[in-house]
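> Spelled out from the first residue to the last, the chains are:
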Amino acid sequence: MNEPTSGTGPLFTNPSADEARAFYREKSRRLTDKIMSVKDAVTRFVNDGDYLASGGFGTNRISTAVMHEIVRQKKRNLMFAGHTTTHDFQILCAGNRNGEKLLSRVDSAYIVGLEARGLSPQARRVMQSGEVEICEWSNYAMAVRLRAAVMGLPYLPTRCLLGTDTFARSAAKMVECPFTHTRLAAVPALYPDVSAIHVHESDRFGNCRIHGITIADFDLARASKRLIITTERIISNDEIRNRPDATTIPAYCVDAVCEVRYGSYPGNMPGEYFSDERHLKEWLTVERDEQAYDAFLQKYIHGVASFEQYVELCGGKKRIEELRAEELLEKRGKGA
Amino acid sequence: MNEPTSGTGPLFTNPSADEARAFYREKSRRLTDKIMSVKDAVTRFVNDGDYLASGGFGTNRISTAVMHEIVRQKKRNLMFAGHTTTHDFQILCAGNRNGEKLLSRVDSAYIVGLEARGLSPQARRVMQSGEVEICEWSNYAMAVRLRAAVMGLPYLPTRCLLGTDTFARSAAKMVECPFTHTRLAAVPALYPDVSAIHVHESDRFGNCRIHGITIADFDLARASKRLIITTERIISNDEIRNRPDATTIPAYCVDAVCEVRYGSYPGNMPGEYFSDERHLKEWLTVERDEQAYDAFLQKYIHGVASFEQYVELCGGKKRIEELRAEELLEKRGKGA
Amino acid sequence: MKEYNAMELMICVASRLLEDGSTVGVGTGAPCAAAMLAQKTHAPDLFILFEAGGLAPQLPMMPISVGDSRTFHRAIMATSMGDIMEACQRGMVDYTFLGGAQIDAYGNLNSTVVGPYEKPSVRFPGSGGANDFASFCWRTMVITNHDAKRFVEKVDFLTTPGYLTGPGAREEAGLPRDSGPYRVITDLGVMGFNTETKRMQVESIHPGVTFEMIQRNTGFEIRKAEHIGETDVPSEMELRILREEVDPLGYVINR
Amino acid sequence: MKEYNAMELMICVASRLLEDGSTVGVGTGAPCAAAMLAQKTHAPDLFILFEAGGLAPQLPMMPISVGDSRTFHRAIMATSMGDIMEACQRGMVDYTFLGGAQIDAYGNLNSTVVGPYEKPSVRFPGSGGANDFASFCWRTMVITNHDAKRFVEKVDFLTTPGYLTGPGAREEAGLPRDSGPYRVITDLGVMGFNTETKRMQVESIHPGVTFEMIQRNTGFEIRKAEHIGETDVPSEMELRILREEVDPLGYVINR
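Residue numbers (the numbering used here), protein chains in the order written: chain A, 1 to 336; chain B, 337 to 672; chain C, 673 to 927; chain D, 928 to 1182.
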């Protein structure tokens, strides 16, 4: 077998730990009040050309409000970490329309699809058109890339990717274990410029609690140079300090704290509300028709001032109450 | 500078991930009742010649009962993971007396001392006598070695150890990052044969909760081939399942669950009782006098049938109540 | 004879392959239905893991997403993707179920692109956790429909490793020793892999199907296993539990 | 003039070096007292990390162990050693305080053995987290008594890296760029490191001490910094807070 020693995929960011350290050295560690609107957070912390990552798992505990705002503010030439990104990625793809280019480079582990719900026509258009540069990875490879960044290392070894075209089209390299002399895939550290994570509770400084599975967000929060938190609820610092082992993300990772009730909608938020399968289906359906899709985006994203208005348009409190009943297993239905 | 490319210290265990996988393949994943006595657990799961690791942090949330039982059962030729092991290590050193050799090889990051309390004369005797083979590491290097095992990898890179005699006397090797071409220390995976971890709560299957800092125990539990849990309290599996995000160690890591109230005594147990500084001082003092030390060991370890009797000898419930008041900051004293 | 559809048969067959006390990394859909059915029949101690962090949940219903709240409902632990994947890489996970747009004779899977990589005719979601699961878990199983477009001589893109180019190739690439594809369950039969050649072979044929039908719907040469049988049809109990308890709303079995 | 002992002076000097809003990885004893004093004087937003997992606690008293309950009392997070050390390795931690049995002109520390390694006259605990902190944190500070047995030309065992063999050596070894020893605070004065040579030099001399006394108690040639001054003595406020609030039982200051 002729194993390539190096994937030929593009490496979008610098894996140098010393470069990242120089950034982290200047990052504020102070417990200052970071509460602001999503609009301000995106204006201040998401720059054209940035490498962006999204927390949660595609339709679960995602920061929908930040994704919408990025589209609304017409950010340009973003790079993106596509590790099981489904509805979040689908939203961002709405910025690649009519010659405009919100996304220009994508690290791809799971994109285009919304799991069992099917593929997103718009995401497919974006990813097949050639307008976006792609590098291939697996979900865990992306998680390991973030872990390398968290550890302040330029790379980490792993046993995934090996022997496949996923490796060949990635930016990974082969290394040999100095002890066992076996082969491993080395993946470069990924330090995103900015990430958005939705959490259950945060204090005004950005000390956050996540209930349920944490997916890759413990690491994503620490690996990201800038971090926007949207939270279901603001709680006091006193409450955080009363149960320090309940904290998932410490304030020194965080740049902005935005209180966004129902902020994962139409995604699932554990213990709060289930995903709105009806609305997600509307997205998938409307994307098939270019004109209807433009009208849809105008209605739900460009034509509204904030995420709260979007939730209102989708049925508001009443709809959320239905999804809450579903989440709490008070009603069993097909999600409609 | 003439950097050695390889430390000259002895590597005590096999870092091969495939060897470890072959073991884990056979390890039971079933939720079976694992409750047993400490005596039975040590008899069944600690073998002469094993590589042993101890959870917690020296005098904090340590599994004192298991350490005592290992000494009582006169296990022989153990290897040991010395990552900030203080009182736990001091106990084991009691097995290296009168020509007997409980410990024969030690990975050393922090041993001999009990932090600000001073050095243990007995631990120093053992470690200076030449009877124990030593390999040098730092605390984090040991933590990374466990992390490599958790990840099922033969090694991980790190930026500690570099440039020092600690590296030169370790079993680490230099590697170059394939992306940045900078130097890193590669540390070999450490898969302990058996570990003992003391926790706050466990169900009968071994699903455990730890309150407060977890130190390196999330990883130690997963890296260990066999795991003995001592727990302050047995709780129901139902309670575990009601709050799955409170679990730290899942049952499939665990081989034995031993209910040992006050099981970290004379160490600190967060939220339960503070360390018994008076008794720890007695240990440090009595070790200076060989005869008094033998009598001390006879009284507290060899002459008792179980850890419960030891706690009784040390003042029992009454002493624990004092330490509990201290832990809860109801009394401020010099720990006496 | 009991009435059942192809999906029901595939789920029942898959379910029987999961031993009690074993660990399985599953996604949504048929694999999850198979695991739930196994728990409700012969394997109450089957230990289910979801990629996003759900560890041994008591599933109240079929999850919609691998990361939704159902996947850690009354779990023994709600953890991270890293913790799950590390358990797999460490060798703690026995089985996984995967799918794909294409599969070849060595069980290699494609879920990235059909057509040339630079100008694909279809872009699929990509590996997701499939490459990881197939690299780390001991035995990979595939549930898929059987047709010559899907069972191809060479996958357009090797997303997820089977036996790669044949005997020894996984080990040479650095993949864990003794791991690899185990069963491919289709609407026509159950395929395994020859221990010597590592090529796909037919282990059992579903009722009403012939070996020739399988060969005709397979884009590479496929042989028979030494002992080949007819697939056991779903029992009444299996069907009842599958329809009434596992998938009462027909998410999977009536798709 | 106010009465104070050498330890009190060292703690006050160390405390003043900690800027508000910075992060510091500390152990027990004098470093912890210095950090607590800083929080109660000029640096209320000083962010303290303990190696075992305590993140920004509100310390109710001096901890006895780096891992005891005090170290995460009303912390913003009670986490793991890995999380703390990773924050350091990532470059999020500005200062650390260390000690040792020996220190050389480049700030290298020995806390492993005195005498030959194979047959030591004394075995000390070893690195603990010292090697890690000194490798990862931006600026290492040392609080120690000053005598020629301790300040040696060559440490018997280089446990914890200072500037190793001099300019460029840390970077060549692979240690993080721009990190290294910053200040050595003793009972005689405050030492820094020359930017060119990376050798220890005297930055300020304590009241009643002469440069010659420092040289006599230093086992290697030590020079003066370009601007050398007299150390500011502890203020009454510092002493009051140190004695009444930080260490009322005299764990550290009356040892």
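Hints listed in this document are in silico derivations from the structure and should not be mistaken for laboratory results. C-beta: ideal position from N, C-alpha, C; glycine also. Check the hints yourself; a few may be wrong.
Stated by the list, open to error - Each computed DSBU-like pair below joins lysine-lysine, with the alpha-carbon atoms no more than 30 Å apart: (1) Lys635/B / Lys375/B; (2) Lys1076/D / Lys1151/D; (3) Lys896/C / Lys101/A; (4) Lys299/A / Lys317/A; (5) Lys967/D / Lys509/B; (6) Lys1151/D / Lys617/B; (7) Lys281/A / Lys826/C; (8) Lys39/A / Lys74/A; (9) Lys27/A / Lys967/D; (10) Lys509/B / Lys1046/D; (11) Lys1076/D / Lys617/B.
Unchecked claim - Sample of chain B residues at the chain C side, in silico, Cβ under 10 Å: (12) Ala353; (13) Ile371; (14) Arg380; (15) Phe381; (16) Ala485; (17) Phe515; (18) His517.
> For every hint, state whether the structure bears it out.
Hints and how they fare:
For the hint linking Lys635/B to Lys375/B, the alpha-carbon distance of about 18 Å falls within 30 Å, and the restraint holds. Between the alpha carbons of Lys1076/D and Lys1151/D the distance comes to roughly 21 Å, so the proposed pair stays at or under 30 Å and holds. For the hint pairing Lys896/C with Lys101/A, the CA-to-CA distance comes to about 53 Å; that exceeds 30 Å, so the pair is violated. With a C-alpha separation of about 19 Å, the suggested pair Lys299/A and Lys317/A falls inside the 30 Å cut-off, and the hint holds.
Proposed proximity of Lys967/D and Lys509/B is contradicted: the alpha carbons are some 44 Å apart, above 30 Å. Restraint check: the Cα-Cα separation between Lys1151/D and Lys617/B comes to about 43 Å, which exceeds 30 Å; the hinted pair is violated. Distance restraint check for Lys281/A and Lys826/C: the Cα-Cα separation of roughly 34 Å exceeds the 30 Å cut-off, and the hinted pair is therefore not satisfied. Taken as a hint, the Lys39/A and Lys74/A pair is honoured in the structure, with Cα atoms around 12 Å apart against an allowance of 30 Å.
For a cut-off of 30 Å, the pair hint linking Lys27/A to Lys967/D stands: about 24 Å separates their Cα positions. A hinted pair counts as satisfied when its Cα atoms are at most 30 Å apart, and Lys509/B with Lys1046/D qualifies at roughly 25 Å. This hinted pair checks out: Lys1076/D and Lys617/B have alpha carbons roughly 28 Å apart, not beyond 30 Å. A least Cβ separation of about 7 Å between Ala353/B and chain C falls short of the 10 Å threshold, and the interface hint therefore holds.
Given the 10 Å rule on beta carbons, the hint for Ile371/B is violated: about 17 Å separates it from the nearest Cβ of chain C. About 20 Å separates the beta-carbon of Arg380/B from the nearest beta-carbon of chain C, more than 10 Å, and the hint is not met. A least Cβ separation of about 18 Å between Phe381/B and chain C goes past the 10 Å threshold, and the interface hint is therefore violated. The beta carbon of Ala485/B comes within 8 Å of a beta carbon in chain C, closer than 10 Å, and the hint placing it at the interface holds.
Interface restraint check for Phe515/B: the shortest CB-CB distance to chain C comes to about 18 Å, outside 10 Å, so the restraint is violated. For His517/B, the interface hint is violated, the least distance from its beta-carbon to any beta-carbon of chain C being 22 Å, above 10 Å.
Hint violations for this structure: numbers 3, 5, 6, 7, 13, 14, 15, 17, 18, all remaining hints satisfied.
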